[in-house]
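J.: One-letter residues, chain by chain:
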Amino acid sequence: MSDSEFSNPQNNEMKYSPKDALTDSLLKHVAANRRGENSDEFLSQIEEAINAGEAQTVPIPIRKAKAAPRSWKTIVRATAIAAVIALGALFWLVSYHLESTKPVPVSIVASSVASHESELQAPDLQTMKKPSVSPEAVITANSFSDFSLADSTLGDSANPKINIDGNTTTFDTVIRRELPLETGKSNSASDSDADYAIVGHGGYSTKGTAVMGAGGDIQVDATGSAGKITVTAGGEVDFLDSSLATVEAKPVGVKRRHLDSRYVQVGHGGVEASPLTSGHRSGAVRVDGELNESITLSGGYHVPAGPQQEGESEMLVTGLSRSRDTFSRNVESNSTRYSELIDNEWKSPRDEPLSTFSSDVDTASWTNLRGMIRSGLTIGQIPRDAVRIEEMINYFDWGYSKPDGEHPFRFATETASCPWNADHQLLRVGVQGAELPKSERPDANLVFLLDVSGSMNQPSKLALVKKSIMVLAEELREGDCVSMVVYAGAEGLAMPATSGRDTMAIAKALSRLNAGGSTNGGAGIKLAYRMAQENFIKDGINRVILCTDGDFNVGITGNESLVNLVERRARDGVFLSVLGYGNDNLNDSMLEEITNKGNGNYFFVDSLQEARKVFLRDLMGTLVAIAKDVKIQIEFNPAKVDSYRLIGYANRRLAAEDFENDKVDAGEVGSGHSVTALYEIVPAGNGRKDGKGLRYQKSPEPPLELIESGELALLKLRYKKPDSDVSTPMTEPVVPVHQNWDKASEDFQFASAVSLFGLILRDHESARDASLDQVVKLAESGKGNDPHGYRAEFIDLVKVLKAAGE
Amino acid sequence: MDTSPEIIKLQTKRQQFSCLMREHHRELLVFAGAIVRNRDAAKDIVQEAFVSAWRKFERFDEERDFAAWMRGIVRNKCKDWFRKMNRVPLADTDFVELEIDMDTWQNGSDPGSDLFERVDGCLRKLPGKFREAVQQFYFEDQTGDEAASDLNISPANFRKRLERARGLLHDCLSGKMESQSPTPTVESHV
Chain A
3 MSDSEFSNPQ
13 NNEMKYSPKD
23 ALTDSLLKHV
33 AANRRGENSD
43 EFLSQIEEAI
53 NAGEAQTVPI
63 PIRKAKAAPR
73 SWKTIVRATA
83 IAAVIALGAL
93 FWLVSYHLES
103 TKPVPVSIVA
113 SSVASHESEL
123 QAPDLQTMKK
133 PSVSPEAVIT
143 ANSFSDFSLA
153 DSTLGDSANP
163 KINIDGNTTT
173 FDTVIRRELP
183 LETGKSNSAS
193 DSDADYAIVG
203 HGGYSTKGTA
213 VMGAGGDIQV
223 DATGSAGKIT
233 VTAGGEVDFL
243 DSSLATVEAK
253 PVGVKRRHLD
263 SRYVQVGHGG
273 VEASPLTSGH
283 RSGAVRVDGE
293 LNESITLSGG
303 YHVPAGPQQE
313 GESEMLVTGL
323 SRSRDTFSRN
333 VESNSTRYSE
343 LIDNEWKSPR
353 DEPLSTFSSD
363 VDTASWTNLR
373 GMIRSGLTIG
383 QIPRDAVRIE
393 EMINYFDWGY
403 SKPDGEHPFR
413 FATETASCPW
423 NADHQLLRVG
433 VQGAELPKSE
443 RPDANLVFLL
453 DVSGSMNQPS
463 KLALVKKSIM
473 VLAEELREGD
483 CVSMVVYAGA
493 EGLAMPATSG
503 RDTMAIAKAL
513 SRLNAGGSTN
523 GGAGIKLAYR
533 MAQENFIKDG
543 INRVILCTDG
553 DFNVGITGNE
563 SLVNLVERRA
573 RDGVFLSVLG
583 YGNDNLNDSM
593 LEEITNKGNG
603 NYFFVDSLQE
613 ARKVFLRDLM
623 GTLVAIAKDV
633 KIQIEFNPAK
643 VDSYRLIGYA
653 NRRLAAEDFE
663 NDKVDAGEVG
673 SGHSVTALYE
683 IVPAGNGRKD
693 GKGLRYQKSP
703 EPPLELIESG
713 ELALLKLRYK
723 KPDSDVSTPM
733 TEPVVPVHQN
743 WDKASEDFQF
753 ASAVSLFGLI
763 LRDHESARDA
773 SLDQVVKLAE
783 SGKGNDPHGY
793 RAEFIDLVKV
803 LKAAGE
Chain B
35 MDTSPEIIKL
45 QTKRQQFSCL
55 MREHHRELLV
65 FAGAIVRNRD
75 AAKDIVQEAF
85 VSAWRKFERF
95 DEERDFAAWM
105 RGIVRNKCKD
115 WFRKMNRVPL
125 ADTDFVELEI
135 DMDTWQNGSD
145 PGSDLFERVD
155 GCLRKLPGKF
165 REAVQQFYFE
175 DQTGDEAASD
185 LNISPANFRK
195 RLERARGLLH
205 DCLSGKMESQ
215 SPTPTVESHV
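Chains as they are written, first to last, in our numbering: chain A, 3 to 808; chain B, 35 to 224.
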């Protein structure tokens with residue numbers, strides 16, 4: 003049959019009468035059905051399109067709660083699939099143990115990798131698209147054979163019976179199923195939607211059952227020789243997320259065990275993956291060189307710290323999803339990436355009188371460091387580039403006076419001797435932003451962009467995200483508008499625009515969230531920006547808040563275009579905040595870059611306490627940007643300053659000429675925020691630090707004509723009002739006070755303690771002779787009344803780090 | 035599991051919609067196929083139509099004829115499709131005729147019966163050579179030319195025969211066949 007009889011693509015005139023065309027179409031349909039074209043397939047495509055459309059194109063009622071219909075099955079499915087993988091893993095383990103030809107009875111009860119809170123609560127990932135190829139996890143072992151994918155067409159009966167090779171398997175609910183393993187027989191078990199299935203062909207002498215029950219517990223009870231089990235999902239969830247991948251370790255002379263990669267905790271030593279080409283699902287991992295920390299794997303396999311002996315810790319990774327990228331995510335368990343930071347150097351005011359930097363109110367670095375210290379890392383193990391001193395300093399509250407003049411900023415400067423070098427001085431430059439009373443806060447249009455990929459499935463991640471959002475939700479008002487977009491395998495709308503007052507709707511939407519799938523941040527961010535645009539509040543706060551644990555460059559090709567997108571949207575008035583959860587997988591440099599470009603900010607959230615701080619203090623403060631493109635420039639007086647060095651701000655330096663260039667972006671400052679920078683200064687007449695005490699050059703170089711002034715420096719600040727493109731300048735001279743650091747304010751002392759700590763962590767030459775004891779001493783002296791206990795915590799952590807090194 | 039009444043209501047609504055989809059998708063495919071003359075395009079259109087319909091489903095009055103409602107949506111999607119493909123759409127009168135025909139098939143002679151179950155019966159009622167033509171062209175995947183040469187008739191003659199077969203089938207499905215002479219006379223040996 004060909005269409006040519008009736009249709010002529012060049013000419014759409016109806017050659018035949020409507021009734022002829024209708025009958026033709028009918029016959030073609032009947033013919034297609036006879037050829038086996040499946041209505042079910044077509045219908046399920048439509049169902050998916052509806053579900054996806056539900057998420058993406060449903061007209062959004064602005065600021066009105068609307069619950070979207072959802073299928074809760076998907077979640078159950080995702081959960082069950084995860085559990086199925088675990089079953090596969092266990093089964094493999096069993097089979098491995100049973101590798102020898104003589105049957106050994108084994109009984110294992112284990113808790114599924116998928117057990118997590120609210121797992122059966124529901125629905126949300128229904129917008130995930132069906133993968134073009136059914137995802138499958140193949141668990142292989144030496145001598146199991148013959149496992150194949152199930153033909154998952156079991157219909158939708160509530161109590162499906164499967165008959166394969168004469169064996170009938172019945173299982174009663176979606177969650178609970180039983181897989182008999184029998185010699186020479188192939189059995190499969192599937193959920194009632196046939197969205198996933200486990201298939202087992204019995205090994206040569208395998209006998210037993212594998213049961214997966216509610217709650218994800220798996221019990222495998224089997225005897226027999228080794229083999230292979232296949233898990234397949236015909237449904238919508240790409241369950242082969244890295245966090246569910248399985249890792250086998252095969253130490254020489256030790257039995258091979260089956261392990262879950264999520265339990266692989268590798269230190270900062272080298273963990274190397276052998277080449278793994280795209281599309282492969284397994285590969286070898288070699289632990290090379292020296293491990294700073296021991297690796298503990300759930301199967302009890304332990305790689306001790308220290309130098310690795312060849313072959314001792316070869317690992318095989320199976321069940322991975324597609325790419326090498328995922329693989330490295332998987333294996334380098336501490337794969338957080340940091341951009342290299344290059345510290346500011348000593349500068350002479352004669353050569354470079356101007357020091358320019360962008361305001362920076364992020365605090366992510368300290369939170370991240372805090373986590374590292376708590377986890378027991380020693381100084382040498384903390385990556386230098388994870389230490390951003392300005393972020394450490396800006397984590398803390400400083401008691402600067404609030405601005406009262408025409409500008410929304412007020413300078414707070416202080417000078418004293420440098421605690422770690424008595425010949426030097428320390429200049430603290432504080433800039434305090436005005437605080438808008440809460441009631442004056444404009445309405446907020448917040449779009450939460452939530453990473454629900456499988457790796458978020460940890461108490462410190464998605465669960466904490468939910469709690470954090472609830473903390474914020476309680477602060478929202480009638481006029482505020484909140485939406486949620488999730489992304490994993492695909493993006494979807496988890497909650498359409500909802501009034502900030504509707505805390506219940508928010509809580510409900512949150513309870514439906516569950517982690518599963520791989521990360522596709524790019525598509526999600528587009529949807530999030532669209533939501534933000536659709537609900538745009540003029541003169542309000544319009545912000546996308548991304549909560550993620552990491553990798554964010556899938557979907558939009560490369561960092562570049564994602565950064566462009568964020569930058570473009572910021573110009574339209576929608577800003578981005580990034581909240582980093584967990585610290586095992588963060589693409590730190592990427593997140594930092596996109597928030598810098600998006601006039602945004604970036605925080606780490608590692609505890610509910612931190613969530614409270616970030617969401618209520620920082621975020622709600624940040625939400626109201628009192629100014630944007632805030633640039634700070636300091637002109638040093640060569641008569642007073644021989645050389646200076648800006649501590650921190652390593653990647654926030656601006657060229658001096660950018661200060662007055664309104665086209666150059668800089669950071670934004672939120673209501674009540676302050677920005678603090680410290681300069682280490684070599685006073686004039688104290689010997690040059692910039693290496694210019696040269697033999698062949700006349701010293702001093704051509705004498706400068708200086709204006710008589712007792713001032714140390716001139717502070718200059720430029721800011722733009724949030725809705726303006728023109729910047730306003732303000733200046734203030736710094737008159738030095740010569741005092742010893744222990745006479746300086748507590749704030750000053752504490753800030754210098756934080757700086758010194760940062761310098762030590764960065765192994766900075768300035769701090770070569772300094773010790774952690776000195777940090778503690780300084781900090782204790784500057785602790786002040788510390789209402790939130792942040793400073794006490796700092797002191798504790800410095801002590802912890804000190805103890806770790808001993 | 036979320037068991038709030040509104041969720042349950044939505045889930046019920048969704049299930050109801052799925053049932054309606056299952057019930058009506060074939061007729062709509064046929065309908066769209068008759069308009070755009072391309073089965074794949076028809077599938078896309080029907081899919082889009084259902085997606086749109088679901089969004090409006092809340093407002094759909096259950097007393098109304100779902101099939102007729104859907105045909106209206108499909109019609110509009112078809113018009114979009116013509117526009118997108120940069121092709122001249124059908125005349126409005128053709129649309130109307132198609133809709134009436136489709137409605138007659140579904141509700142005319144034997145309301146509530148399955149159109150597709152009636153097709154076989156009607157095909158059996160076709161005179162032999164028409165049935166054969168339908169068989170060859172539609173079900174055995176022969177081209178018009180192949181079938182014509184098999185039958186030792188001209189392609190034009192074969193096309194005519196097919197057209198006549200379709201006309202008879204159309205009438206039968208509309209409940210009119212019995213009253214007509216099943217004997218065709220048009221094509222003999224052109």
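It is worth saying that the hints were derived from the structure and are not from the lab.
Each residue gets a CB set at the ideal place from its N, CA and C atoms; glycine is no exception.
Careful, some of the hints might be misleading.
[Said to hold, decoys possible] Below 25 Å or equal to it, Euclidean Cα-Cα: the simulated SDA-like pairs (lysine to any residue) are:
#1 A/LYS528 - B/SER86
#2 B/LYS77 - A/LYS528
#3 B/LYS43 - A/LYS528
#4 A/LYS510 - B/LYS77
[Unchecked claim] Pairwise CB distance ranges, derived in the manner of DEER restraints:
#5 A/PRO439 - B/CYS53: 23 to 31 Å
#6 A/ASP42 - B/LYS43: 25 to 33 Å
#7 B/THR46 - A/ASP42: 19 to 27 Å
#8 B/ASP154 - A/LEU45: 16 to 24 Å
J.: Against each hint, give a clear statement of whether it holds in the structure.
T.: Evaluation of the provided hints:
Using a Cα cut-off of 25 Å, the hinted pair A/LYS528 and B/SER86 holds, with the two alpha carbons roughly 22 Å apart. A threshold of 25 Å between alpha carbons decides the hint, and for B/LYS77 with A/LYS528 the separation of about 28 Å lies outside it, so the pair is violated. Taking the CA atoms of B/LYS43 and A/LYS528, the gap is about 31 Å. The hint is violated against a cut of 25 Å. Proposed proximity of A/LYS510 and B/LYS77 is contradicted: the alpha carbons are some 36 Å apart, above 25 Å.
Hint check: A/PRO439 to B/CYS53, Cβ distance near 55 Å, so the stated range 23 to 31 Å is violated. Take A/ASP42 and B/LYS43: their Cβ atoms lie about 26 Å apart, and the range 25 to 33 Å holds. Range check, B/THR46 to A/ASP42: about 22 Å between beta-carbon atoms, so the 19 to 27 Å window is met. Take B/ASP154 and A/LEU45: their Cβ atoms lie about 22 Å apart, and the range 16 to 24 Å holds.
Violation of the numbered hints given earlier is confined to hints 2, 3, 4 and 5; the remaining hints are satisfied by the structure.
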